[in-house]
Amino acid sequence: MTQVFHDAPVDRAFRPEWHTSRLVVYAVLLIWAVICLFPIYWTLTTSFKIAPNVMKGDMIPWVDYQPKWLGWRALGLSPDTIFTESTVRAEFFKRFTNSVIVSVVSSCLAVILGSLAAYGLSRFSFKFLWMRNSDISFFFLSQLILPPVVLALPFLVLYKELALLDTRVGLILLYTLSVLPIVIWIMRDQFSSIPTELEEAALVDGLSIWGAFATIILPIALPGMAAAFILSLVLTWNEYFFAALLTSTYSNTLPVMVASQTGSQGISWWSMAALSFAAILPLIIIGIFLERFIIKGMAAGAVK
Amino acid sequence: MSGGDLLHVVTNDDISKGRRAFGRALIWGSGALMLLVGLAQWAQLEGISSFGFPNWRPTLYAYCLWATCLCWGQVLINGEQGKRTLFVLPAALFVISLTVFPLLFGMVIAFSNWNLSNPDGRQFNGLDNVRQMLADPFYWNAMGNMVWYCAAILVEYAIAFALALALNAEIRARKFFRVAFLLPLMLSPVAVSWMIGKSMLVIQPAGPIIRLMRTLGWENPSFYSSPWMAKLTIMMMDAWTYIPFMMIMILAGLQSIPKELNEAAKVDGANPWRAFWEVTFPLMLPVSITAILIRIIFKLKLADIVIAVTSGGPGGATDTVTSFIFREYRDRSNVGYGTLLAMVYLVIIIIAMTALMKLAERYARPRT
Amino acid sequence: MKEGLYQYANSKALTRRRLLQGATALGGFAAMGGLSALPARAQEDLRAQLLAIPGVGNGSPTEADWQKVGELCLGATKTNVAEGEFAGVELTFFGINNNGLHNILFRGLLKGWETYTGAKINWIDLAQADYNPRLQQSIATGTVDFDILAMGAPLEGDTAGQGLLDEMPDWVKTQIDMDDYVSYLKAPVGTWAGKTYRITIDGDCHTFAYRKDYFGDGAISGMAEAPTTWQQVQTVSQAVAGQTDPLTGSPAYGYLDPLKGWGGFGFYFLEDRASAYAKHPDDPAWLFDADTMKPRVNNPAWVQAIQDVMDTMAVLPPDQINADPGTTGFQQFLAGTGSMLCWWGDIGSNARTSDTSVVGDVIGFSINPGSDKVYNSKTSAWETPATPNFAPNMAFLGWGVYVTNRVSADEVKRKAAWSAAAHLGGKDLSLWMAAYPSGFQPYRNSHFMYDEWAAAGYDKDFVADYLGSNADSYNHPNAAIEPRIPGIFQYYSVAEDELAKGYAGTYASAQETADAIAAAWEKITDQIGRDSQIALYKASLGL
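Protein chains in written order, with this note's numbering: chain B, 1 to 304; chain E, 1001 to 1368; chain X, 2001 to 2543.
Isolated chain B (complex conformation) (with noise of 0.2 Å):
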């Protein structure tokens, strides 16, 4: 990767303001990546605690506190019932694959109805009734600030009558308009910061417009369009309201299943913490490995 730094000769040099101003930098760095690493490490380990040591709060394992499998036992993930049977691990797996199918297809449908959108809001002017391109463009993202309880009855009732709810179906449909504002914002400034003369030599070699969208900006945009699709995954796949509204027993998702842990018997922190880490895993790996992406997606349209 290009990231890699290497030391101008210059910096190299000893220079006593500068090394403070390492030092500065190196502490900042730091301490942020505590702050955030913390906590995830507090739900791993969490899930390895049994009652004493939620209530003590002992923070290493093996060191404080011998770990216990008794949080992934209730999930019957443990060593000992993994090959058992496990209504629990069946319904984890239900879950966990709704949630996949849910969260890729609707950021999927988000980023390509989104990116030809903005591509279009990009290129052309547009005129609809009164409105024009920023109208349109309003237009979409005014679909992000919907609080999501002016739509729940509604939906539920449109859901019913179209025999849509507790479907993956329902889900996904919803999930992409919930998204799409936010697909089409990034995908816009990704856009408009591509020359036109790019297309404009394509047209003028007698490419579609189609044909120029598909062969000479698409592959500019993909790092915006991996962007775009990683922070709807990141939405969809933690989406609690509508989960829990619309869906029963065939469709339903892994946050609600998080929420349920929870009750008048008090709360089971480490079958909350293993299910806690189990549901954000798929997005930490996804964030280690694509990272580079959304970095990327996110600088070319930043400064114009």
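Please note that the accuracy of each hint is not assured.
[What the hints assert, rightly or not] The calculated EDC-like cross-link candidates involving lysine to aspartate or glutamate, where the alpha carbons are at most 20 Å apart (straight line), are:
1. X:K2111 - B:E91
2. X:K2120 - B:E91
3. E:K1083 - E:D1014
4. E:K1358 - B:D135
5. X:K2111 - X:E2090
6. X:K2523 - E:D1136
7. X:K2294 - X:D2515
[As the list claims (entries may be wrong)] Short derived list, chain B residues pointing at chain E, Cβ under 10 Å:
8. L37
9. I50
10. M59
11. V63
12. V105
13. F128
14. L151
15. K160
16. R168
17. L231
18. A279
[Unchecked claim] Cβ-Cβ distance ranges computed for the label pairs, FRET-style:
19. B:G206 - E:L1103: 29 to 37 Å
20. X:G2216 - B:I82: 47 to 55 Å
21. E:R1274 - B:I101: 18 to 26 Å
Derived by calculation from the structure, the hints in this document are not laboratory data.
Yeah, the Cβ is synthetic: ideal placement off N, Cα and C, and Gly gets one too.
We have chain B; now place chains E and X onto it with these hints.
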């Protein structure tokens, strides 16, 4: 964007009359079909005649068909211009079809007395809900809180900017830090509320942050008891999740600043502080404004954490509008009033956002 | 509650040998081996056998144990249903996932039933907080998509009251032996307009827990015995203020009032205080006037209860304004802060058994305190009965299993749904649920045969002491029974919010706070429909 297309292409479409007619026929034909199916369904609903529809799916399919034909027809009728429309049309149709009905129905609910426990269902009650809203101190209290929550964005922005600068500096293990800083954004608010909001901040005396505070000399750390402390805690948790979002936008911006600019400043003998304010910051203004605007939008929807951790307490100090409506809606099943509140909120933020964006557009123009 | 109790038994460090002795004596030794090979035995043997799964001292029951229990208890089902009778039937079960119990447990328990009958059950698991709103939305928008429903009795007004439920067939009543229920769970609870709808699987009530070391000769409260009336409780709270806790050495506190709401459930804790004042033995109503639905929450009895809380607020631990019942129970009382508390059964068992509890050896139980005076709403006057007026608070009335009218038209499906529900509410199965971690409490008279528990390895004195307070509450003639009217949790939720404001000083007095609640309740009543509420309230009281 005004004043015509950015992409100047001369197209000489030669569209035959037959093709145009076919396009029109397609659109109107499928439209008529949709209308027909819709009418048939309505007739069945009214009990006029039965077609054996189990639900409104047929109308949905007819609508999908019509939407496809509409898109295709555009190309048939308008040729190149139609192909351009085709970029925006699907998204627009999608959004409109999914929001029009819910919003209209939402309007109906908003002006109704509808407690879900009422066996008689929904009844119109005119402006009663509006009157109740105007006299509801807790709704306006939540509105006031939103102002504070939004004000906190400035602090978040400053932190995000500092982090982005640090990440953009010449450092080792850059990849590690970038990933680490990004992770909070990935976590589900539900998990964050429980694992941080409760496990780390509430469990006495074991929560790690509680213990840290005690070591730092705060005798009885409690994060949710006084109104301001509670508000601050919520702000911090929310900031924790979303600072990475602003950070990556700013970092992306920083990385696209041409190196020469900073070097030029260096050559001019400007100290780093002045170089930042005179070169970097102005260049970053557009992206900053975008980041802040998006952040405001997310902030306006802040609810998950509040609902799970404080339920708005103590005394409504941490209530956001969404969490307040949510309680009205969920705990009291008071759907009519709750929906009205949400509608009003929607109108207010649309106005506020429009104003902000107009303002921002003026400022965001690159000055160079 | 059983988690704690169960751990307690475990912590008694029963040796494997002693356990086996107990088990053998009851013929349950075979349970350690292959269970499926067992021939049918007498019922006592079955019960002993059940209590040996997995056996006290062998760790928490696993899912395999749940399935085993479910299979062992199929006897009753087999008499009413032929093998494979429900092949092809699919049922949907609506309930909560409460810390991995409830629906999760039911899955295991019903596994054998599914195999035997051939039916398949689909599950709707909800977080507790989503449960009620989701149910209300389903009812209001006509999207009831479930056949079996696990629900608390307070919601019967919302469901049975709106004709949503299917009446219980008579064969079910026999199969589950309804006469065995403790008295407060018998009709009218579980019935609506004379029809029976509910298979009870749980009992709920608040009991009074206190610290024995605060009372007795030379104790800091200056009282020889634990208080039995709220007047005494108030005295103790004031008397111990400023003193040192004999156990922990930190400041001593009296009765722990939760001042923060708990999703509607916080109101039960004001009811604990108020029921003694407001529940007159001659009048079943105590929250509303049955004829007008006029709230009684601002009558002198309730105001007295709120005033009591306010009077002792100054001597509560600092920061109490932020303490919900979960805090007062688990983080204060069990950790040695405060000396008296009303709570569900959980607290009692946890006190002895939880590792974080420091009060295990010094805790006692009784029914909720009474009052020297009781308010008579009919005459609008205080009365002073010869003995204090007791009115244990049957908070929440426990979970039950109901069948919705979605299956009414289909006889096979209907029978399948009721059979599944009856399996969960079966007499023997319920003993196991009462004795092991399940999230459910004892609710049958047959659960209070302490010998059975002792034979299974529990400490008899402890079980008798702790369960006794529950049993006494359940069977109390003047128990304060919750109204099962539609929207009852809306009333609680709004009351909780107003109370929090009152405690925070937004309102000038207890009376003003109570008036605010009453006004909010009137609004809800009007919104839901006063006439129907009156009718349903009367029906729920059995009037």
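Structure-based check of each hint:
Between the alpha carbons of K2111 of chain X and E91 of chain B the distance comes to roughly 14 Å, so the proposed pair stays at or under 20 Å and holds. In summary, the hint linking K2120 of chain X to E91 of chain B is supported, as the alpha carbons are separated by about 15 Å, within the 20 Å threshold. For the hint linking K1083 of chain E to D1014 of chain E, the alpha-carbon distance of about 14 Å falls within 20 Å, and the restraint holds. For the hint pairing K1358 of chain E with D135 of chain B, the CA-to-CA distance comes to about 12 Å; that is within 20 Å, so the pair holds.
A C-alpha spacing of about 14 Å is found between K2111 of chain X and E2090 of chain X, which places the hinted pair at or below 20 Å, so the restraint holds. For the suggested pair K2523 of chain X and D1136 of chain E, the alpha carbons sit about 14 Å apart, so the restraint of at most 20 Å is met. Between K2294 of chain X and D2515 of chain X the alpha-carbon distance is near 12 Å, which keeps this suggested pair within the 20 Å criterion. Because the smallest distance between the Cβ of L37 of chain B and any Cβ of chain E comes to about 5 Å, under 10 Å, the interface hint for this residue holds.
Taking 10 Å as the C-beta cut-off, the interface hint given for I50 of chain B is violated, the closest approach to chain E being about 13 Å. Nearest Cβ of chain E to the Cβ of M59 of chain B: about 7 Å, under the 10 Å cut. The hint holds. Contact between V63 of chain B and chain E, as hinted, is not supported at the beta carbon level, the nearest pair being about 15 Å apart and thus beyond 10 Å. For V105 of chain B, the interface hint is violated, since its Cβ never comes within 10 Å of a Cβ in chain E; the closest pair sits about 14 Å apart.
Of the supplied interface hints, the one on F128 of chain B holds, with its beta-carbon coming within about 8 Å of a beta-carbon of chain E, less than 10 Å. A hinted interface residue such as L151 of chain B counts as satisfied when its beta carbon comes closer than 10 Å to some beta carbon of chain E; here the least separation is about 5 Å, so the hint holds. For K160 of chain B, the interface hint holds, the least distance from its beta-carbon to any beta-carbon of chain E being 8 Å, beneath 10 Å. Because the smallest distance between the Cβ of R168 of chain B and any Cβ of chain E comes to about 16 Å, over 10 Å, the interface hint for this residue is violated.
Because the beta carbon of L231 of chain B sits about 8 Å from the nearest beta carbon in chain E, less than 10 Å, this interface hint is met. Against a cut-off of 10 Å between C-beta atoms, the interface hint on A279 of chain B holds, since the closest Cβ of chain E lies about 6 Å away. Checked against the hint of 29 to 37 Å, the C-beta distance between G206 of chain B and L1103 of chain E comes to roughly 44 Å, which is inconsistent with it. The beta-carbon spacing between G2216 of chain X and I82 of chain B, approximately 53 Å, falls within the hinted interval of 47 to 55 Å.
A hinted range of 18 to 26 Å for the beta carbons of R1274 of chain E and I101 of chain B is inconsistent with their spacing of about 53 Å.
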